[in-house]
Amino acid sequence: MHNLVQCLLFIGLLSIGTGKAVQADDLRGFVLASSCVSCHGDASPNGAGIPAIVGRDAAFIADALKNFRSGARVSTIMQRLARGYDDAEVELIAAWLAKTQSTIVRP
Amino acid sequence: MQRRNFLGQSAGIAALAMLTPWRATATTSARTIIIGGGFGGATCARYLRLLDPGLAVTLIESDAAFVTCPFSNLVLAGMRTVDEITHTYARLRASAITVIHDTATAIDADNRRVALASGKQLDYDRLIVAPGIALKFDAVPGYDTAAAELMPHAWKAGAQTLLLRRQLEAMNDGGVVVIAAPANPFRCPPGPYERASLIAHYLKQHKPRSKILILDTKDKFSKQSLFQQGWNALYPGMIEWVAGSAGGLVERVEAASRTLVTESGFTEHRADVVNFIPPQEAGQIAQQAELTDASGWCPVNQLSFESLRIPGIHVLGDAAIAGAMPKSGFSANSQAKVCAAAIVAALRGDPIPEASYANTCYSLVGPDYGISVSAVYALTDSAIAAVKGAGGLSPSDADPAFRAREAAYARGWYSSITADTWG
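From first to last, the protein sequence lines are chains A and B. Going by our numbering, the first residue of the first sequence is number 1, and it counts up by one from there. Going by our numbering, the first residue of the second sequence is number 1, and it counts up by one from there.
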């Protein structure tokens with residue numbers, strides 16, 4: 001599955017924050033991963049101990065989610081949330097977050 | 001998991017088939033208008049623009065800035081200022097979203113046109129209505145708009161929050177604060193109980209002989225055992241909760257004397273400060289446009305959030321009926337992303353992506369004592385349902401370090417979601 005993730009990255013599917021429209025194949029990844037951003041924020045750590053995940057390596061994200069889900073990694077809330085996603089969904093989330101950039105536009 | 005995916009896809013196909021035809025002109029340069037700049041509306045505007053920069057996105061919002069209900073309980077406790085929970089639309093404007101400060105007064109669905117209080121008319125290809133809640137001032141006798149100046153609801157943040165704060169500051173030590181909580185469904189199910197907690201935090205420091213009485217319409221409430229455990233730990237003897245069937249149901253109020261009448265007039269509660277949270281329904285423009293059903297809320301397609309009553313109009317957030325999802329800022333933010341993806345896909349003639357939604361509600365019992373409830377949602381058959389085995393409450397046996405981490409995460413959540421919503 002990591003090979004698939006790397007393959008998707010290699011062919012350079014576009015994400016948000018690039019000024020380009022997101023294509024149909026990517027919308028499911030967006031829908032899944034956009035829930036993460038509500039707490040984890042856009043790109044930089046928000047100062048309260050919730051780590052930044054946007055732009056992180058896909059394998060890192062996927063492994064973290066799977067370890068939260070199994071309980072191997074201790075957490076307050078992530079193990080409750082990670083149990084809501086199957087392996088295929090975890091890979092889509094990881095792939096989307098890995099290729100996403102900051103979307104905040106400062107005036 | 002396989003079965004859920006299958007159901008999700010089949011529901012997606014069914015929903016696509018149900019989507020009303022797009023206008024022939026509805027290309028990626030389609031005109032989208034969003035009414036309401038809260039968690040649902042502002043998020044939808046931002047993500048429509050991000051998912052397809054060709055879209056023309058216009059946001060209509062009455063107020064120059066948005067004061068969030070989340071964290072308004074911290075303002076009541078003196079832990080944050082109103083400025084710190086106020087968000088402007090400057091970054092949405094910088095993202096090439098047209099923000100118009102005006103009030104939508106009518107929707108002409110046949111001609112796809114919105115009328116504004118200024119007299120201006122705007123044409124749309126797709127309309128998103130995210131008006132939040134309206135308070136039902138007629139529901140409990142005695143509680144009208146004039147009564148709200150004496151017994152603030154503070155369930156729309158801003159002037160009402162500050163009014164309740166001033167009343168708490170003016171109250172003498174030993175006073176009684178009554179919080180009256182409504183029946184389900186209402187905005188922010190754990191909100192009244194976080195409010196009791198943080199008012200208790202303020203009173204414990206400044207007026208420690210005071211009491212808080214919660215008169216509830218309901219017989220149980222969100223995160224009940226966690227809240228009650230926290231109250232016993234932090235504010236022993238200070239907060240009393242009365243269930244609806246045990247005399248908590250308020251039948252009438254007398255605002256001038258700050259009196260609440262229960263149990264067919266047999267009991268009168270005279271308080272020093274009253275926070276009366278009335279029953280609610282979908283925001284005014286949704287009522288006026290007849291997007292609501294007999295419940296007072298808006299039935300919508302659970303994948304696209306398109307109204308089941310008027311084609312071409314989507315309804316998001318507190319105003320919408322969204323299966324198992326609570327009426328929360330997080331829910332509205334989550335629904336807005338699903339809706340934006342559905343609109344972008346449908347405008348291009350692509351299949352609507354299978355939906356996934358989430359909600360996490362943090363509550364502060366004290367500044368360093370946080371609790372949470374969370375869920376991941378998927379579309380099953382025709383309703384949004386929590387994914388089994390996921391989500392749930394903070395553990396009941398957590399240690400103080402765990403509660404402190406959740407309190408820190410509550411602050412982090414606020415910082416992240418407000419940036420995700422308003423930029």
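Note that these hints are calculated values from the structure, not bench results. All of these numbers come straight from a predicted model, not from anything done at the bench. Any given hint might turn out to be false.
Distance windows between CB atoms, simulated [what the hints assert, rightly or not]: (1) A:D87 to B:L393: 51 to 61 Å; (2) B:S245 to A:Q101: 48 to 58 Å; (3) A:G55 to B:S257: 33 to 43 Å; (4) B:A404 to A:A52: 43 to 53 Å; (5) A:G49 to B:S29: 21 to 31 Å.
With the Cβ distance kept under 8 Å, some of the chain A side facing chain B (calculated, not the full set) [what the hints assert, rightly or not]: (6) A21; (7) V37; (8) D57; (9) S70.
In this text, a Cβ means the ideal position worked out from N, Cα and C, and glycines have one as well.
Going through the numbered hints above, which ones does this structure break? Give me the numbers in ascending order.
Hints 1, 3, 4, 5, 8 and 9 are the ones this structure does not satisfy, whereas the remaining hints hold.
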